[in-house]
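J.: Residue numbers (the working numbering): 1 to 181.
Among the clues, some could well be false.
Computed list of lysine-lysine pairs in PhoX-like fashion (alpha-carbon distance at most 25 Å, straight line) [claimed, not checked]:
id : residue 1 : residue 2
1  : Lys97     : Lys122
2  : Lys28     : Lys50
3  : Lys97     : Lys159
4  : Lys97     : Lys50
What follows is a list of derived Cβ distance ranges for each label pair [unchecked claim]:
id : residue 1 : residue 2 : range
5  : Leu98     : Ser167    : 31 to 39 Å
6  : Asp39     : Pro109    : 18 to 26 Å
7  : Ala94     : Pro25     : 17 to 25 Å
8  : Leu123    : Leu98     : 13 to 21 Å
9  : Arg90     : Ala29     : 30 to 38 Å
10 : Arg90     : Gly49     : 28 to 36 Å
11 : Gly170    : Asp39     : 31 to 39 Å
12 : Glu53     : Arg103    : 28 to 36 Å
If you are wondering where the hints come from, they were derived from the structure by calculation, not from laboratory data.
C-beta: ideal position from N, C-alpha, C; glycine also.
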Amino acid sequence: MDTRLTFSQTVETLFTRGMGPALPPEAKARLRDDGLDLDRPLLPAYPAGKVAEWIDLALPYAFPNLSRAEALRVLGHQSVSRYGQTIVGRGLVAMLKLLGFRRILDRMPQAMRTGGNYLETKLIPRGVNDVELWINDVNGMPEYFQGILEGTAELCGIKTARAEIVSVEGTGCTLRVRWAE
């Protein structure tokens, strides 16, 4: 049994904010048949492996002209940027800009834990605007985390950030994030 849990706010961000507007009724029906009913209140948490299956089920509907890797990166970016358009998100964006992207990255270990009980990260500084972020378990979706990091940088007012996958080892990955301010 998968003891890794993805919390409801992450599921909402993925399927309501990230893909929601692009999900046709057919996709929502397939998700419902597989255990995720987006028309009902979400459960507090879901098995992480099942969430990954649902993402793979919905991606072709939400991003039909993109490869899986491109779609995951866009999903990560859109999840962050669309959350920034909510009432709570707008307040968060103001705080992000005040703190700055580097400080947000420094807090990434705590932030990631709000998404799932299994997520661990380590930030490794490489330069002034250059860090590596190790994530213990990306659920087979390192590109999603690329999009999250690039989207977060944009919310902080940085348009030049680029997250690159340095390595994928087992369930985890290391991303290198560079930017100019």
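J.: So, for every hint listed, does it hold in this structure?
T.: Checked hints:
1. The straight-line distance between the Cα atoms of Lys97 and Lys122 is roughly 22 Å, inside the 25 Å bound, and the hint therefore holds.
2. The suggested pairing of Lys28 with Lys50 holds, with an alpha-carbon distance near 15 Å, which does not exceed 25 Å.
3. Between Lys97 and Lys159, the direct Cα distance comes to roughly 13 Å. Compliance with the 25 Å bound is thereby established for this hinted pair.
4. Among the hinted pairs, Lys97 with Lys50 is inconsistent with the structure: their alpha-carbon atoms are about 34 Å apart, more than 25 Å.
5. Between Leu98 and Ser167, the C-beta spacing of about 33 Å keeps the proposed range 31 to 39 Å intact.
6. Separated by about 34 Å at the C-beta atoms, Asp39 and Pro109 break the suggested range of 18 to 26 Å.
7. A beta carbon spacing of about 36 Å between Ala94 and Pro25 contradicts the range 17 to 25 Å that was offered as a hint.
8. For the pair Leu123 and Leu98, the beta carbons lie near 20 Å from each other, so the given range of 13 to 21 Å is met.
9. With their beta carbons about 33 Å apart, Arg90 and Ala29 fall inside the hinted range of 30 to 38 Å.
10. Separation of Arg90 from Gly49 is about 33 Å and conforms to the stated range, judged on CB atoms against 28 to 36 Å.
11. Range check, Gly170 to Asp39: Cβ separation about 36 Å, and the 31 to 39 Å hint holds.
12. Our hint of 28 to 36 Å for Glu53 and Arg103 holds, since their Cβ atoms are close to 35 Å apart.
Violated hints, listed in ascending order, are 4, 6, 7; each of the other numbered hints is respected by the structure.
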